[in-house]
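**Student:** Single-letter residue listing:
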Amino acid sequence: MSDTFLSVRGVSKRFGSVTALADIELTVGRDELLVVVGPTRAGKTTLLRVIAGLERPDSGTIEMNGADVSDASPAARDVALVFQNFSLYPNWSVRKNIEFPLRAPGRGLTEEQIQGQVSFVAGLLRIEHLLDRKSTRLSGGEMQRVAIGRAIARKPRLFLMDEPLTNLDAKLREALRVELVELRRKLGTPMIFVTHNQAEALSMGDRVVVLSEGRVLQDATPQEIYRKPRSPAVARQLGQPRINVLAVFANDGFLRTGSGVPLLPLRPDTPRQPLMLGVRPEDIALEGGSHPGTVELLENMGPAKIAVVAWAGEHVHVLVPKSAPLKQGDRVYPRFDPDRAVLWPVPERGGDAPREGTN
Amino acid sequence: MKHDAAAIRIAFVAPTLVFLIVIDLFPLLYNVFLSFTNAQLSSAAYDFVGTRNYSAVLGELASPRFQDALRTTGAFVVCAVAIELLLGFVLALALRDSFRGRSAVLSLLLIPMMLSPAVMGLFWNLILSAHNGVLNQALEVLGISGPHWLTDPHWKLPAVILVDVWMWTPFMMLIALAGLNAIPGYIYEAAEIDRASTWAVFRRITLPMTAPLLGLAVLLRCTDALKQFDLVMALTGPNDASTQTVSALLYQVTFAGQKVGLGGAYACVVLVVVIALASVFTRYLDWLAGKQGRSGQVAT
Chain A
133 MSDTFLSVRG VSKRFGSVTA LADIELTVGR DELLVVVGPT RAGKTTLLRV
183 IAGLERPDSG TIEMNGADVS DASPAARDVA LVFQNFSLYP NWSVRKNIEF
233 PLRAPGRGLT EEQIQGQVSF VAGLLRIEHL LDRKSTRLSG GEMQRVAIGR
283 AIARKPRLFL MDEPLTNLDA KLREALRVEL VELRRKLGTP MIFVTHNQAE
333 ALSMGDRVVV LSEGRVLQDA TPQEIYRKPR SPAVARQLGQ PRINVLAVFA
383 NDGFLRTGSG VPLLPLRPDT PRQPLMLGVR PEDIALEGGS HPGTVELLEN
433 MGPAKIAVVA WAGEHVHVLV PKSAPLKQGD RVYPRFDPDR AVLWPVPERG
483 GDAPREGTN
Chain B
61 MKHDAAAIRI AFVAPTLVFL IVIDLFPLLY NVFLSFTNAQ LSSAAYDFVG
111 TRNYSAVLGE LASPRFQDAL RTTGAFVVCA VAIELLLGFV LALALRDSFR
161 GRSAVLSLLL IPMMLSPAVM GLFWNLILSA HNGVLNQALE VLGISGPHWL
211 TDPHWKLPAV ILVDVWMWTP FMMLIALAGL NAIPGYIYEA AEIDRASTWA
261 VFRRITLPMT APLLGLAVLL RCTDALKQFD LVMALTGPND ASTQTVSALL
311 YQVTFAGQKV GLGGAYACVV LVVVIALASV FTRYLDWLAG KQGRSGQVAT
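For the record, the sequence lines run as chains A and B.
Residue 133 is where the first sequence starts when you use the numbering used here, and the numbers rise one by one after that.
Residue 61 is where the second sequence starts when you use the numbering used here, and the numbers rise one by one after that.
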């Protein structure tokens with residue numbers, strides 16, 4: 133048996149004139165948490181719905197466990213989907229909500245087994261005290277737990293989670309993020325977790341797929357995506373504070389900014405055409421130097437500060453320690469770490485043009 | 061200043077108030093007044109008779125003809141509303157998903173509801189006619205010998221029920237359709253993911269979630285059917301033993317018997333019953349509103 137549970141092959145889906153998914157290729161391992169991250173309208177939800185069987189792709193195939201399930205009903209696929217809006221059955225008790233999938237035809241569970249499973253799940257998610265409450269009388273975090281409980285109670289072959297933490301407050305979101313990873317590891321069931329939150333993507337995923345406008349931009353481990361983003365769009369999608377992206381060109385032994393200020397010494401393998409350079413705020417040091425810029429703004433981030441430096445016609449964001457003796461108007465030279473900077477060819481117009489993403 | 065505001069308020073309310081007094085309150089009080097007299101349709105003169113009309117009504121309540129009317133009304137309400145509910149709900153289920161020509165079918169189905177009951181009664185009188193009526197001719201084609209709908213005592217009430225069902229099933233269907241459309245699609249998707257059977261989805265999601273609205277429709281239809289008069293009038297006349305509803309009896313006493321005072325007393329008794337029913341009705345609506353209000357929080 134291969135280590136792959138799910139293969140999505142060349143899946144495309146259009147809604148009228150809108151392309152939701154364009155030739156998607158991805159796989160999920162048997163014991164893997166794959167995070168799909170992308171801005172709003174990237175096609176994340178459609179991808180999950182296609183995998184669940186709620187939506188039929190226009191082309192491409194979906195394989196589970198080596199079998200083609202492209203034409204199978206959601207029931208036959210036996211996957212659990214946690215909807216972004218929770219989708220609990222209103223006016224039912226929490227217990228009834230969790231029991232419902234266990235009573236599906238063909239399961240043949242005894243009442244005892246069903247109740248056992250409900251208590252197991254309730255214990256796992258710490259919702260025992262809510263079992264007899266109506267689902268309409270729960271807080272957002274409680275509804276979320278119940279929705280997850282309903283999904284795991286029946287031991288599906290695959291978990292699909294559609295931004296399940298988005299509607300929660302920050303504190304609860306972080307707690308549940310850790311819990312969910314732990315829970316999945318315990319259950320050993322593969323999971324696809326969709327989010328637009330870059331922190332969730334980097335902290336939760338065994339592997340991360342970056343999706344934008346229905347296309348896979350990159351598919352790699354979180355570390356690799358963070359360190360070696362394949363395009364400015366990927367780089368901008370992940371990392372907080374956001375990466376600095378500058379247009380540069382090679383000349384006279386240096387990579388230079390648009391205004392000609394030298395940035396980094398050229399290497400033998402550096403292409404000579406105009407390039408985009410990406411460098412994360414934590415990979416820049418502020419020093420005195422020959423071409424100083426001006427600190428325009430200092431933003432307190434708690435454990436650290438962001439200095440916005442107006443320099444060489446650009447605004448460079450630099451992460452500095454909280455204790456750094458910087459003040460507005462200081463003259464500083466931002467030195468880029470040559471090993472951490474990433475270079476890309478200048479994207480074609482429209483294709484991978486720099487654009488505003490969320491987070 | 062304060063007086064001006066009060067004057068404006070009164071000015072705004074006054075037209076409605078005058079209207080209600082002329083249309084509602086005056087006839088009501090006048091009817092109460094008449095119920096204590098021996099007024100007749102044929103003469104303007106009348107005398108006070110105290111509570112004699114009311115004792116007559118109370119005596120009448122125990123009479124066989126009133127008991128019969130009550131039974132007839134009850135049978136009519138139960139049969140007609142039950143059939144309308146069932147048929148309407150089935151039609152709504154069938155028309156729930158969109159298909160080619162759905163709106164045309166829907167419009168056609170709603171026509172009976174839009175027509176005047178009295179006119180429809182007259183039309184059905186022709187349709188149900190035993191020998192040259194369209195219905196029996198159609199049945200004959202199928203090899204069935206149709207009953208004498210409007211002359212056979214056993215078939216008169218079913219005939220009235222049939223016409224009522226024809227008229228009001230679209231109403232039930234419309235309300236059921238509204239109830240079905242109000243069920244959010246994500247619940248069905250969740251059920252699909254949860255591998256629920258078609259029957260479980262119907263019994264545990266569709267039915268309970270449309271029940272409150274169906275209950276409302278049943279209440280509305282019951283209050284309407286309880287005062288059934290127009291179809292009876294048009295199909296069999298108000299004084300037919302097998303179809304005389306309470307309203308028809310009331311009409312018979314007041315107008316055919318020309319006893320306005322006695323009819324007034326009857327009307328007062330009926331009014332009390334109607335007010336009792338109306339309070340059940342408003343309570344149900346309040347309960348429904350409270351329920352909807354709570355579940356409204358779930359939506360997202």
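Note that these hints are calculated values from the structure, not bench results.
Fair warning: this is a prediction, and the values are worked out from it, not measured in the lab.
We treat Cβ as the ideally placed atom computed from N, Cα and C, and that holds for glycine.
Some clues are possibly wrong.
As the list claims (entries may be wrong) - If you anchor each label on the Cβ, the simulated ranges turn out as follows:
hint : chain 1 : residue 1 : chain 2 : residue 2 : range
1    : B       : Arg160    : A       : Glu306    : 48 to 54 Å
2    : B       : Ala65     : A       : Glu306    : 45 to 51 Å
3    : A       : Lys318    : B       : Ala154    : 29 to 35 Å
4    : A       : Gly238    : B       : Phe341    : 54 to 60 Å
5    : B       : Ala271    : A       : Thr298    : 30 to 36 Å
6    : B       : Phe262    : A       : Thr298    : 30 to 36 Å
7    : A       : Gly238    : B       : Ala271    : 50 to 56 Å
8    : B       : Arg162    : A       : Arg173    : 50 to 56 Å
What the hints assert, rightly or not - To be clear about the criterion: a stretch of chain A counts as covered by chain B if any three or more of its residues have a C-beta under 8 Å from a C-beta of chain B, and this derived list gives those stretches:
hint : stretch
9    : 336-347
10   : 460-467
**Student:** With reference to the structure, classify each hint as holding or not holding.
**Tutor:** Outcome of the hint check:
1. For B:Arg160 and A:Glu306, the Cβ-Cβ distance of about 52 Å falls inside the hinted range of 48 to 54 Å, so the restraint holds.
2. Hint check: B:Ala65 to A:Glu306, Cβ distance near 56 Å, so the stated range 45 to 51 Å is violated.
3. With their beta carbons about 47 Å apart, A:Lys318 and B:Ala154 fall outside the hinted range of 29 to 35 Å.
4. At about 45 Å, the CB distance of A:Gly238 to B:Phe341 disagrees with the hint of 54 to 60 Å.
5. At roughly 33 Å, the beta-carbon separation of B:Ala271 and A:Thr298 lies within the given 30 to 36 Å, and the hint holds.
6. Judged by the Cβ atoms, the range 30 to 36 Å given for B:Phe262 and A:Thr298 holds: they are separated by roughly 32 Å.
7. About 28 Å separates the C-beta atoms of A:Gly238 and B:Ala271, a value inconsistent with the hinted range of 50 to 56 Å.
8. For the pair B:Arg162 and A:Arg173, the supplied restraint of 50 to 56 Å is violated, since their beta-carbon distance comes to about 31 Å.
9. Here's how the stretch 336-347 of chain A fares: 0 of its residues keep a CB closer than 8 Å to some CB of chain B, so the rule of at least three is not met and the hint is violated.
10. Here's how the stretch 460-467 of chain A fares: 0 of its residues keep a CB closer than 8 Å to some CB of chain B, so the rule of at least three is not met and the hint is violated.
In the structure shown, a violation is registered for the earlier hints numbered 2, 3, 4, 7, 8, 9 and 10, in ascending order.
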